[in-house]
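Chains A and B are the protein sequences, given in the same order. For the first sequence, the numbering used here begins at 4 and goes up steadily by one. For the second sequence, the numbering used here begins at 20 and goes up steadily by one.
Don't read these hints as lab results, they were simulated from the structure. Keep in mind the model is a prediction, meaning the values are calculated, not measured. Please note: incorrect hints may appear among the correct ones.
[What the hints assert, rightly or not] Only part of the chain A face toward chain B is listed, based on derived beta-carbon distances under 7 Å:
#, residue
1, F37
2, H46
3, L47
4, K52
5, Y53
6, Y105
7, I106
Think of the CB as a built atom: it goes at the ideal place given N, C-alpha and C, for glycine as much as any other residue.
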Amino acid sequence: AQSVSQHNHHVILSEAASLELGCNYSYGGTVNLFWYVQYPGQHLQLLLKYFSGDPLVKGIKGFEAEFIKSKFSFNLRKPSVQWSDTAEYFCAVSPISGTYKYIFGTGTRLKVLA
Amino acid sequence: DGGITQSPKYLFRKEGQNVTLSCEQNLNHDAMYWYRQDPGQGLRLIYYSQIVNDFQKGDIAEGYSVSREKKESFPLTVTSAQKNPTAFYLCASRSKAFGSGTRLTVV
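Construct the complete structure from the given sequences, taking the supplied hints into account.
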């Protein structure tokens, strides 16, 4: 079955701590990979995306993600979180061909303590 | 089961026609959103509504219109003014609730 798994549902960190959010996907073809952030009361915003090329992708606000094809993973990282990073984070995949669809993970709610 | 229902899954439109995409939710969420995805890009916000009878333009609202007469429903109309309507459209409500999307193709 096609799916995206985010294993951390709730994460609480102190400011300046490092962040890594896991994302694994199951899909029998080539996909594009995304991380989105949703701040409280706001819409989804794209953090970063991977289509091809360098598997280490840098996004906005100091976030980066690494695509490891052999592990079907696309983990999100940030070396030092800030209180303003408190939000919900979604991993998503979209097949590059065939049926047009978007598969979201269940989200990780991050709380950063000041 | 609670969730967001988008219909139709695939839609074909002739140039110059308006077309309406349906989005219904039974989650009792106040906020609803419409996004568009084009090849090579992430989702972009078209319109959103935080409450019944109120809605706001997103980043790419030109050529689109919405209504929010009921909490459960947030239809999106792609008007003839939208110059490049062929795309994948995704409806969502607050946090974790996404529709399955509608693929619109102009023929």
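Using Cβ atoms only, decide whether A:L47 comes closer than 7 Å to chain B, and label the hint accordingly. holds, 6 Å
Status of the A:K52 interface restraint (C-beta, 7 Å, chain B): Nearest chain B Cβ about 5 Å off; hint holds.
Holds or violated: A:H46 as interface residue toward chain B, Cβ cutoff 7 Å? holds, 5 Å
Would the stated hint for A:I106 survive a check requiring a Cβ distance to chain B of less than 7 Å? violated, 9 Å
Does A:Y53 hold up as a contact with chain B if the rule is Cβ-Cβ below 7 Å? Because about 11 Å separates A:Y53 from the closest Cβ in chain B, which is outside the 7 Å limit, the hint is violated.
For the restraint on A:F37, tell me whether the closest CB of chain B is nearer than 7 Å. Result: holds, 5 Å to nearest chain B Cβ.
Regarding the hint that A:Y105 lies at the interface with chain B, is the smallest CB-CB distance below 7 Å? Holds. Min distance 6 Å.
Comparing the model with each numbered hint stated earlier shows that hints 5, 7 do not hold.
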